[in-house]
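**Student:** Residues per chain are reported as follows:
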Amino acid sequence: MLLPSKFGLYALTLELSAWSAGALLDSQSDSTLLWYLVLHGAASLLLASAAILLLPPAFARPRRPVLLLMAGCSFAVPIFGFVGVLAGIVILRTYRYREKIAPFESTQLPEFDPHQHTTGGFRQSGLRSFLGNTKAPMASRLGALVALQYVSGRVSSPLLRDVLTDPSEDIRLLAYGMLDNQEKRINQAIDEELRSLAEGVKLEGEAQPGPQTLAAVRRLSDLYWELIYQEMVQGDLRTHAVAESSRYCDIVLRHAPDDAAINLRQGRLLHALNQLEKAEAAYFRALGLGLPSTRVLPYLAELRFDQGDFVGARYLMSELSQWSSLPRLRPVIEYWKAQ
Amino acid sequence: MSFPTAPEADIALLLEGTFPYVSGGVSSWVNQIVRAYPEYSFALIFLGSRREDYKDFKYELPANVVHFEEHFLYDDLASNEKPPPRTGNREAFAAAAKLHEKFLPGTPQGDAMQAFKEVAHAMMPGGKLTLDDFLHSERAWEIVCERYRKYCTDPSFVDFFWTVRIMHTPLWKLAGVAHRLPKVKVLHSISTGYAGFLGALIQQTRGTPLILSEHGIYTKERKIDLFKSEWIRDNRNVFQRDPSELSYFRQMWIHFFEWLGRFCYDAADPIIALYEQNRLRQVADGALSERTFNIPNGINLQRFAPLRALRPAAVPPVLCLIGRVVPIKDIKTFIRAMRRVVNHLPEAEGWIAGPEDEDPSYAQDCRNLVHSLGLQDHVKFLGFQKIENLMPKIGLTILSSISEALPLVILEGYAAGVPTISTDVGSCRQLIEGLESEDRALGVSGAVVNIADPQALADAAIALLRDEARWHAASQAGIARVERYYTDVLMFGLYRDVYEKALARSAQGS
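Protein chains in written order, with the numbering used here: chain L, 1 to 339; chain F, 1 to 510.
For the record, the hints were derived by calculation from the structure and aren't laboratory data. Please note that a few of the clues may not be correct.
[As the list claims (entries may be wrong)] Just some of the chain F residues that point at chain L, by a computed CB distance under 7 Å: (1) N343; (2) L345; (3) A507.
[Stated by the list, open to error] Result set (DSS-like, lysine-lysine): computed pairs, CA atoms no more than 27 Å apart in a straight line: (4) L/K135 <-> F/K220; (5) F/K98 <-> L/K184; (6) F/K128 <-> F/K98; (7) F/K380 <-> L/K184.
If you're wondering where the values come from, they're calculated on a predicted model, not measured in any experiment. Glycine included, each C-beta is placed from N, C-alpha and C at the ideal position.
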């Protein structure tokens, strides 16, 4: 309370001196006006600084514009502006208190609609429940479905697959068309790379693969990985894609064993194939090659979990908690730390 | 090739992209129907996209086809001559512009239909709205520009201009065909779309009764193509785009086919569907409910029943997809399913029996998929095959289509004692599980799975192939079902009735 009253006092003094300057000096001169304006301006600014400290915090933000507004008022409308600002503060403070003592109102519980229920903190869950709601108007559902074409395949393909069983044929067919297009793009790229690989092998020989062969092999591993990552393949097809990607990874690693990212991918592929020991070795190699632990440790922790080594998993999770760069993993980390 | 021609016939069949150039379910149905009524003379009007898309006849023309003509809607779109300047008939173009205002959502469809009829009549040879005016006149240009400014959400005027041109030009061609058609007593269209538009135009100008038999739902199938097509451009950038809106040109095409469909439904009576769901869809798309009813497909039992005796004692582990190799059959899902089937039943084989010339790039994609899944030894592409040769060698007929009506292949398999695994499309569930309680009591003659679900398709096939007792039960159920509900004798009887009534109406009218 000390600071505002100090500011207020200074403001009042300055304002008084601004007016008295006009009376003391020759009231017709420009310098009198200038002198008045400077003093009045300073007084307005000080008053605003005092006033903002008295304002309830909710009204005091954003700080600078509020400050300028109040200073501007007092500056532009001499005396009345000054008084107005003070009156405003008084009203705001009393209004806030009145709101506080308003009695509680009782409201009806809304009817539970499972489609409104969000299943997690991720954005797509809202869309999933909307698309899955067969009672929503057809045009809006079609719109929502069409909007998915601008969403990455990883997010959209599970959603599209969900509505393949929709009772409405239009929805089913549109979803199928979109899924098919996504999948076709990757499979056509795979076909092209297979051709380029065959050409490379023919030109450069199989024993000592040259740059074309190796580039094709690397891209094939990428593309099969893309099928898995975008969840385009399930069940046996997924296993097949994992095996293919891993096979091409192996060839790349034979010629570039120090590629950290490829080592990590190989680890994840072996992990998916349930070859846990080999996967572990690949993860450690990726770490050893300088990949940041935030990228490797989550998978390693999952591996520990799959191995049944829960102490190891918890240890790795606590190690991860020192990093603040994993917002999506945070709940998982918190869970393991809490145990 | 010289075709039979005649100045008149009893029934004109309007065929779009099917018999006699394309083999498949609808074509065999047409073949069946024409041969079933030797007492009637038929005129066949074939409509295709471009000459080069259709090579040879896949069927011999039956003897009672007295007249055959073919028209290719997208041929000769370009011209090398410089058109002379023309202004275009102001009145006719004003009517066309007004019609398009009425097509906008929110306008009563009756008004639009009336205006549509008037404009369509003006497009007939001798009318005020000529093709040359549409292509080259100042009025046409003004209307295209105006509509682009007012409604088009796609920034490319060039794409808009050409879409409008390519979309509408075939309609004048059809008006010419309608004008020159020999004298017929009854029209019978096998789909809506362009063939349906032609039928409706003749019905309106000559008063000839129009019968419409829809196998698939044309508008729906066009939508599938349009949803999947990558040739329709979307030029909107990230600021112009409403992510929940289909590209403008895609919408234009969809609306175009929807209106062609309505135009045909308005003129046709009766409107025949293969099964109840399709009939309801026709009503939802604008057909008058009292004009619609169902006549299911039927097959010739004598042709297939003897094949049962040729089957080996053990069930052959062969899954056979009989059908054209085209996207709507979703052959890829079958190939993917084979990956799992082979993982569990290494001796199993997948056969794909059907012509591959309709969509060669899709066929190539399918072959590539077989290769990339390492199934070269297990999946065979057999090309077009005689069904009688296939049936005794296979264990299951497979249908992985994303859209079907009432597939003959399932019925033919049943008649030969082969159960089926099918996706849940069209009337397949009714064919496999039965419709009313009496039908259901016959038992399940296979399995139904969701579309694009290779895992489920494979599991259903494996389950049936591994369990001989279940397979035999399914086979018996199939035989009983086809004999009771889906014979051609039933179907021919119902169609005879339809033709007789239409001919009687025609005689009254003339």
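**Student:** Does F/A507 pass the interface hint, meaning its C-beta sits closer than 7 Å to a C-beta of chain L?
**Tutor:** violated (40 Å)
**Student:** Does L/K135 pair with F/K220 here, judged by a C-alpha cut-off of 27 Å?
**Tutor:** holds (22 Å)
**Student:** When you check the alpha-carbon spacing of F/K98 and L/K184, does it fall within 27 Å?
**Tutor:** violated (42 Å)
**Student:** Against chain L, run the beta carbon of F/L345 and see if the smallest gap drops under 7 Å.
**Tutor:** violated (12 Å)
**Student:** Taking the least C-beta to C-beta distance, is F/N343 closer than 7 Å to chain L?
**Tutor:** holds (5 Å)
**Student:** With the threshold set at 27 Å, check whether the alpha-carbon distance from F/K128 to F/K98 stays at or below it.
**Tutor:** Distance of about 15 Å is within 27 Å: holds.
**Student:** Sort out whether L/K184 lies within 27 Å of F/K380, counting only the CA atoms.
**Tutor:** Between F/K380 and L/K184 the Cα gap is close to 21 Å, so the pair holds against 27 Å.
Violated hints for the displayed structure, listed by number in ascending order: 2, 3 and 5.
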